[in-house]
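Chains A and B, in that order, give the protein sequences. If you count the first sequence from 1, position 237 lands on 480 in this note's numbering, and the numbers rise without skipping. If you count the second sequence from 1, position 136 lands on 379 in this note's numbering, and the numbers rise without skipping.
Note that identical chains are pooled: a pair holds if it fits in a single copy or bridges any two copies.
Keeping only pairs whose Cα atoms sit at most 30 angstroms apart, straight-line, the calculated DSSO-like set for lysine-lysine is: (1) Lys290 x Lys266; (2) Lys485 x Lys555; (3) Lys665 x Lys266; (4) Lys611 x Lys291; (5) Lys703 x Lys665; (6) Lys485 x Lys646; (7) Lys485 x Lys639.
Everything labelled a hint here was simulated from the structure, so no lab data went into it.
Number of protein chains: 2
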Amino acid sequence: MGDFPLSPDNAAPFNRTDVPHMKWWGWGVDGVSFSYANMPAFAPFIKKVVGLDLETRVAGQAPSFDDLEVPPSRIDDDLVKALTEVAGADNVLTTAHERVLHTFGKSVRDLMRMRAGDFGRVPDVVVYPGSEAEVAAVVTMAAQRDFVVIPFGGGSNISGSLEPQAAEERVVVSLDMGRLHRLLDIDTDSGLARVEAGVRGPDLEAQLAETGWTLGHFPDSFTHSTLGGWVATRSSGMQSDKYGDIADITKGLRVARPDGILALRPLPSTSTGPSLREMILGSEGRLGVITEVTIQVHRKPEAREVRAYLFKTWEHGVAAMRAITQNGLPVTLTRVSDAVETSFSFATSKGSSGVEAMVKNGLMKYLKAKGWDLENIALSFVGYEGSSRQIGAIRKAVGRIVKANEGISIGTGPGALYDQKKFDTPYIRDFLLDRGSAADVSETAAPWSKLVTMHDEVVKAAHAALRQAGVQGAIMSHLSHSYRSGACLYFTFAFVEDGNPTIEKYDVVKRAIQQTFIEVGGTPSHHHAIGVEHAPWLEDVLSPSGYGVVAGLLESADPGRHLNPGKIVTTK
Amino acid sequence: MGDFPLSPDNAAPFNRTDVPHMKWWGWGVDGVSFSYANMPAFAPFIKKVVGLDLETRVAGQAPSFDDLEVPPSRIDDDLVKALTEVAGADNVLTTAHERVLHTFGKSVRDLMRMRAGDFGRVPDVVVYPGSEAEVAAVVTMAAQRDFVVIPFGGGSNISGSLEPQAAEERVVVSLDMGRLHRLLDIDTDSGLARVEAGVRGPDLEAQLAETGWTLGHFPDSFTHSTLGGWVATRSSGMQSDKYGDIADITKGLRVARPDGILALRPLPSTSTGPSLREMILGSEGRLGVITEVTIQVHRKPEAREVRAYLFKTWEHGVAAMRAITQNGLPVTLTRVSDAVETSFSFATSKGSSGVEAMVKNGLMKYLKAKGWDLENIALSFVGYEGSSRQIGAIRKAVGRIVKANEGISIGTGPGALYDQKKFDTPYIRDFLLDRGSAADVSETAAPWSKLVTMHDEVVKAAHAALRQAGVQGAIMSHLSHSYRSGACLYFTFAFVEDGNPTIEKYDVVKRAIQQTFIEVGGTPSHHHAIGVEHAPWLEDVLSPSGYGVVAGLLESADPGRHLNPGKIVTTK
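Whenever a hint applies, use it, and build me the whole structure from the sequences.
Next up, the structure:
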């Protein structure tokens, strides 16, 4: 009833070699990288704020795979044979390149270690299953033969959720889910699509678009990350204000566990004890391997636009975003950058962009005349979808709130630009690393009442940490993902060292930021998961008793520790 | 920042004797009961549909407490003394009346057993703690002295979540949370209120209303149930379309566990592994005793109204409710009754009510002329809140959808009546029991695509079961609580026997309905919890592997089985 039949195309074979991978040493696909060729304000900004002189600090040589010393695989022929019987010889690989590709995610810590050839425990074999049955067979075999399974989606994780434990003595199997990429069906009455977990963002949206649907889930990693990865890490997309976090979007689940398939039918809501669905969400492979997800999909909107606004201060912008959300205005995205990030946005604008043009045409003069401190202004984006008439009505209501908070609209030009380049930011990290600077992100969420304090305290703590580490650097932030009770604050920080940036200095800054999240009343992560990177702050946010409950869940669900052990709860 | 200070009033002492209780033998407070004095159509409806002749079948005598044989308390003086040291002598009771009051919830099974004096295991002592610290002390003592703690809110549960296990040999302590009733503070910027868990619905709304706030959570049990009970059973209120289920509303939690207070700060969203918040929700006391909840509250709306609509068939109404929800119209409630329940609504209308008047003024004639089958029409309610202007705009958009689905508006008269009597329905069960008829409810949720099939199959299964049981009876239903992907279907069934209705016959019907929920793709409960009543269907909806994960969670979190053992997962 209301089901959409399989299109013949997506039932075609999808082989291991069809599964795309990012560069082993950095973000994105080979041949694509960040360039500031058309950004005249970029180099001066980086020099002033981060202290990196792009004229004198030239890029080092690209890392060479041949220079790496990759620890040998510990798998024996017998297990290779058994895995081959399940998945086929083409889909069981022990080459150094495949194993390295599946060792890390893409945190700046991972990137630094990868470039340095600093391997801990590398998976011994990579398996590309072609069906849920093959996944289930490998997971069952893990318990029988006592090896470890780590599911791998797009490899974009930045919380250390993928790397095997350093002291792991058993064989480690990385299960690359990329071949499981099909949209299986759509229940059109209910807007529920059943999809294999290994599908990447663009492939999923393309399959949905064939019949006019969209998921509307666009995390920064969208082009490279997978549905299963989103669920396993509690991802949130840029348009979560409308479409919800992946936790809201996920209605049904299938998970391969050693004792069989855990299957949760799609339900709009249910009162059946502690939520098993909400245990699988964020479980990072520790409860099993997610093979299929039933997701809430939407009809593609008639029109969409992202409109930019300027506020006198970031605090004014925050107040406006809060009013928009708490008045129930159905916008798709709310975002407001602090003064430093606003300068960064201007600095990464191309010469012909809306913002640049506005600067030229005297907007800034006008604002100065109004008494604004131009060093302190905040750039904001609000997203709209629907019919032109609906968009018009919502925009008008937003306009009233913006005006009440002393902001002004600067049109859709900068918004269109933001929309175009929204997936490009992660490439900058590699660009900077090439030049001796480390940049990374930390993000949190907290109630509205704490957000301004959170921002100020985190900035203060980061600067103190940079001083303590003896490095020059910067931190900038934006608010995004608004909810009635609060929002996400997303911080980007960077520093420069004389030689290559070191993990020791990085840790000083990262830890100071994360610790402040806890102290002010936030979470160690709004949408990047725990992994091992954020594990030191999990007990703080769950309380010791609560931490014990989660640890007990993970231990009782996997007493043999075959399922990505050591992640989330590291003490067990 | 933005905090609302305590009002002096709610900090006043709230003693055990201030805690209200329902009748030991039935719903609601003493002296209030259902009467059909002003409902001329009621007796004919009951005769026709349920087969009960209210003219000949007169009420039996009210149950007398003195006739009961209450099993003696098994507590020893030493433990009474220890509990008294914690909570004070006034708040530790072993009287038969207190113990009986805390033995059952209010399912029809409970009511039948209570009237029959059919006790299993009655709690040995009732404790009324006056603070979180006292709750914590009792819970810690439970582990140290090996007794069982069962938290008690308003006692309105209908899933058997409150009764001790029949074979329990240890002392059973019922922890009545009613003294913990205070609104502690409101973070006005974030709309977050911190509230003690034992507060009843009306008391909570009154405390919030003092400064213009509302929770907006109105389950049928609202007048008698508590915040902690709502959280522990995953309750849903009539206006969940706007305010969300209690699972959405609950942002922060404090739970007393044997190893200390489990504390979750309020967060708008978080990516920190399996959701501990979503484990406490629905945990029915098995993970600890909820002492405090931080809830999302809203400014009281300027205006509200409930408008009634008629549809040609229930299926037309369902299609309209789906369109309203999937078009994102911000209504507060959607509800549409099937033909039998529509007749019931008409039959319980008072002589002067809107519906009755309409019948008289020829509306039905008009509809008949339009070709409607009057035996088949469906009564629907849609709720609106906001400014008059907002309500007007939403009502207009709803009107278009209603029209497109061949429905008509019949104004706000029946809606106002629905609003007035919305908490009265449970009283009818006692009225019927007095006269030899058992009535109860079963509810589920499922995707939109399955709702019509679900309705038809459940009705068919119930009638088959009634035949099989050899009794006359009826079943009726409404859709309510709409979500983008589906909705709740709420069934009420009743049957009559020659003598008193028996649990054996009841079980035949109840089981047939619940089994059909599973087979068609629904949940065993949308908002009434599992307890022991729905436990036989939990494994079906979680799958065997998933059931094992939940069982493992409960066991690892309470290895000594001190926390309401045997609920939800009965095999462990």
